[in-house]
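On the provided structure of chain A, position chain B as indicated by the hints.
As you go down the protein sequences, you meet chains A and B in turn.
Under my numbering, the letters of the first sequence match residues 9 to 122, in that order.
Under my numbering, the letters of the second sequence match residues 275 to 387, in that order.
Do not rely on the hints blindly, as some may be mistaken.
Stated by the list, open to error - Every beta carbon over 12 Å from chain A, so not counted as near; a handful from chain B, in silico:
| # | residue |
| --- | --- |
| 1 | 280 |
| 2 | 285 |
| 3 | 293 |
| 4 | 307 |
| 5 | 312 |
| 6 | 319 |
| 7 | 325 |
| 8 | 328 |
| 9 | 348 |
| 10 | 350 |
| 11 | 351 |
| 12 | 353 |
| 13 | 359 |
| 14 | 363 |
| 15 | 385 |
Claimed, not checked - Pair by pair, the computed Cβ-Cβ distance ranges are:
| # | chain 1 | residue 1 | chain 2 | residue 2 | range |
| --- | --- | --- | --- | --- | --- |
| 16 | B | 370 | A | 24 | 36 to 46 Å |
| 17 | A | 94 | B | 289 | 32 to 42 Å |
| 18 | A | 16 | B | 282 | 24 to 34 Å |
| 19 | A | 108 | B | 343 | 15 to 25 Å |
| 20 | A | 69 | B | 353 | 25 to 35 Å |
| 21 | A | 120 | B | 284 | 20 to 30 Å |
| 22 | A | 79 | B | 384 | 18 to 28 Å |
Hints in this document: simulated from the structure, not taken from any laboratory.
Owing to the predicted nature of the structure, the values given are computational and were not obtained by experimental measurement.
In this text, a Cβ means the ideal position worked out from N, Cα and C, and glycines have one as well.
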Amino acid sequence: DGGITQSPKYLFRKEGQNVTLSCEQNLNHDAMYWYRQDPGQGLRLIYYSQIVNDFQKGDIAEGYSVSREKKESFPLTVTSAQKNPTAFYLCASSARQYSNQPQHFGDGTRLSIL
Amino acid sequence: GDSVTQMEGPVTLSEEAFLTINCTYTATGYPSLFWYVQYPGEGLQLLLKATKADDKGSNKGFEATYRKETTSFHLEKGSVQVSDSAVYFCALSPEGGYQKVTFGTGTKLQVIP
Numbered sequence: 009d010g011g012i013t014q015s016p017k018y019l020f021r022k023e024g025q026n027v028t029l030s031c032e033q034n035l036n037h038d039a040m041y042w043y044r045q046d047p048g049q050g051l052r053l054i055y056y057s058q059i060v061n062d063f064q065k066g067d068i069a070e071g072y073s074v075s076r077e078k079k080e081s082f083p084l085t086v087t088s089a090q091k092n093p094t095a096f097y098l099c100a101s102s103a104r105q106y107s108n109q110p111q112h113f114g115d116g117t118r119l120s121i122l
Numbered sequence: 275g276d277s278v279t280q281m282e283g284p285v286t287l288s289e290e291a292f293l294t295i296n297c298t299y300t301a302t303g304y305p306s307l308f309w310y311v312q313y314p315g316e317g318l319q320l321l322l323k324a325t326k327a328d329d330k331g332s333n334k335g336f337e338a339t340y341r342k343e344t345t346s347f348h349l350e351k352g353s354v355q356v357s358d359s360a361v362y363f364c365a366l367s368p369e370g371g372y373q374k375v376t377f378g379t380g381t382k383l384q385v386i387p
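Next comes chain A alone, as it looks inside the complex (with noise of 0.2 Å):
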């Protein structure tokens, strides 16, 4: 079957690391997208990427980096900079042209700081 798969599930950031967390899908989608979900805020967009080397920020990219080297992958780094990192964390897909088409997620990676 296919979908989207996010690794790890649970992460833990000692103060001034970097974190990696990994998005991986076999949809054969354009587009993918990061989002960061904080209680009672809903979803807020990181980044979103439309095609293979290229990518653009979100609402609230300060602290983060994402690179999209591979159609099926959109690693989301997580840096020091983020000085307020604790939420949970959400990869979407969806084909690239079509607004009718919903987005597929991920399970999510929830991150702490140590």
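Only chain B this time, still in chain A's reference frame:
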């Protein structure tokens, strides 16, 4: 810009009660509208969608009708079950190709036996 407003939760219902979760939106043209559901510790799953005015999306007993005149997409279910307990998100995707999807803040539903 685009926006989605959902009723605040939590919503607590007894099993077999009728459910309505209100959702209104602001957008130009004819966006596509979606309801997603999130179970504890999981990602979002598409529940239903509607892509043009007066369309009714339905799935697993849930329904929502795209009302252009009231810019609404309210979620309904005639008889909820304990297994329906989750957080429900309304979302819109703007008309005309890729643009940012806008999500509501989510409504938590708790169904008690």
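Tested hints:
At roughly 9 Å from the closest C-beta of chain A, the C-beta of residue 280 of chain B falls inside 12 Å, breaking its exclusion from the interface. With a cut of 12 Å on Cβ distances, residue 285 of chain B stays outside the contact zone with chain A, its closest approach being about 14 Å. At the 12 Å boundary, the C-beta of residue 293 of chain B stays outside the reach of chain A, the nearest C-beta of that chain being 20 Å off. Its beta-carbon lying about 10 Å from the closest one in chain A, residue 307 of chain B breaks the requirement of being farther than 12 Å from that chain.
A beta-carbon of chain A comes within 12 Å of the beta-carbon of residue 312 of chain B; the shortest separation is about 8 Å. Residue 319 of chain B, annotated as away from the interface, has a beta carbon of chain A within 12 Å; the closest lies near 7 Å. Against the 12 Å criterion, residue 325 of chain B falls within the reach of chain A, whose nearest CB is about 4 Å from its own CB. Distance to chain A confirms residue 328 of chain B as a non-interface residue, since its nearest Cβ pair spans about 15 Å, more than 12 Å.
At roughly 18 Å, the least C-beta separation between residue 348 of chain B and chain A is larger than 12 Å, which holds for a residue marked as non-interface. Here residue 350 of chain B stays apart from chain A, with its beta-carbon at least about 20 Å from theirs, past the 12 Å limit. Residue-level check passed: residue 351 of chain B sits 19 Å from the nearest beta carbon of chain A, beyond 12 Å. At the 12 Å boundary, the C-beta of residue 353 of chain B stays outside the reach of chain A, the nearest C-beta of that chain being 26 Å off.
No beta-carbon of chain A comes within 12 Å of the beta-carbon of residue 359 of chain B; the shortest separation is about 17 Å. Interface exclusion of residue 363 of chain B from chain A breaks down, the closest Cβ pair being 7 Å apart, not more than 12 Å. Distance check for residue 385 of chain B against chain A: the nearest CB is about 20 Å away, which clears 12 Å, and the non-interface claim stands. A hinted range of 36 to 46 Å holds for the C-beta pair residue 370 of chain B and residue 24 of chain A, which are about 44 Å apart.
Distance hint check: the CB atoms of residue 94 of chain A and residue 289 of chain B are about 35 Å apart, consistent with the given range 32 to 42 Å. Take residue 16 of chain A and residue 282 of chain B: their Cβ atoms lie about 33 Å apart, and the range 24 to 34 Å holds. For residue 108 of chain A and residue 343 of chain B, the Cβ-Cβ distance of about 20 Å falls inside the hinted range of 15 to 25 Å, so the restraint holds. Between residue 69 of chain A and residue 353 of chain B the CB atoms are about 43 Å apart, so this pair departs from the stated range of 25 to 35 Å.
As the Cβ distance of residue 120 of chain A to residue 284 of chain B is approximately 24 Å, the hint placing it in 20 to 30 Å holds. In this structure the hint that residue 79 of chain A and residue 384 of chain B lie 18 to 28 Å apart at CB is violated, the actual value being about 40 Å.
Of the hints listed earlier, those the structure fails to meet are numbers 1, 4, 5, 6, 7, 14, 20 and 22, in rising order.
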